[in-house]
Amino acid sequence: MVFLPILMWQDRAPEFQEVFPTSLITLPLAHLVFRSPYTKVRTWEFPLLILSICSTATGAFLFTPNGEERQLGFQVFLAAFATLAVSYGFFCSAVTHDSPLRAEVIEPTKTVSRVGLIGFDIGLVLAPFAFLFYLMRHTLRRAG
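Using this note's numbering, you'd call the opening residue of the sequence shown number 23 and step up by one each time.
The hints are simulated quantities; they were obtained by calculation from the structure and are not laboratory data.
The structure presented is a predicted model; accordingly, all values stated were derived computationally and were not measured.
The beta carbon of each residue, even a glycine, is placed where N, CA and C say it ideally should be.
Each hint should be verified, as a subset may be incorrect.
Unchecked claim - So the derived label-pair ranges between C-beta atoms look like this: (1) ARG159 x PHE99: 31 to 41 angstroms; (2) LEU123 x VAL41: 29 to 39 angstroms; (3) GLY138 x LEU49: 26 to 36 angstroms; (4) PRO87 x ALA125: 36 to 46 angstroms; (5) ASP120 x PHE96: 35 to 45 angstroms; (6) SER121 x TRP66: 32 to 42 angstroms; (7) LEU139 x ARG164: 32 to 42 angstroms; (8) GLU126 x GLU91: 40 to 50 angstroms.
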């Protein structure tokens with residue numbers, strides 16, 4: 023059982039091309055669900071936060087749909103998307119109601135997430151990248 027992830031790397035355990043990476047992606051969700059909302063990140067929680075985000079990135083990068091060959095472009099996009107989405111979740115839970123970050127980063131990202139046509143929710147795909155854009159814009163404005 024211990025060597026099954028190693029077999030996955032050698033492509034001899036095809037069922038683990040989806041199960042193991044999906045487990046790594048969903049692991050941070052447990053941390054996010056049990057985190058108190060609107061509370062700043064505590065010192066003891068910081069290593070777990072980094073581990074959760076790295077777990078998401080690793081799982082998304084390793085994920086290969088059953089029966090398909092590895093596609094580097096898809097894996098990089100999925101890793102970036104999942105990492106930013108989980109980071110946005112942690113960010114939303116750590117920002118208090120009265121923080122300027124809520125008005126300058128979270129609210130514009132919510133607006134982007136609502137963009138779409140019937141049956142085609144492009145805003146949900148763009149929202150994690152919009153989060154990165156608005157966070158960087160806020161940071162650069164404060165620095166300059």
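Cross-check of the supplied hints:
no., hint, verdict
1, ARG159 x PHE99: 31 to 41 angstroms, "violated, 22 angstroms"
2, LEU123 x VAL41: 29 to 39 angstroms, "holds, 37 angstroms"
3, GLY138 x LEU49: 26 to 36 angstroms, "holds, 29 angstroms"
4, PRO87 x ALA125: 36 to 46 angstroms, "holds, 39 angstroms"
5, ASP120 x PHE96: 35 to 45 angstroms, "holds, 40 angstroms"
6, SER121 x TRP66: 32 to 42 angstroms, "violated, 22 angstroms"
7, LEU139 x ARG164: 32 to 42 angstroms, "holds, 36 angstroms"
8, GLU126 x GLU91: 40 to 50 angstroms, "holds, 42 angstroms"
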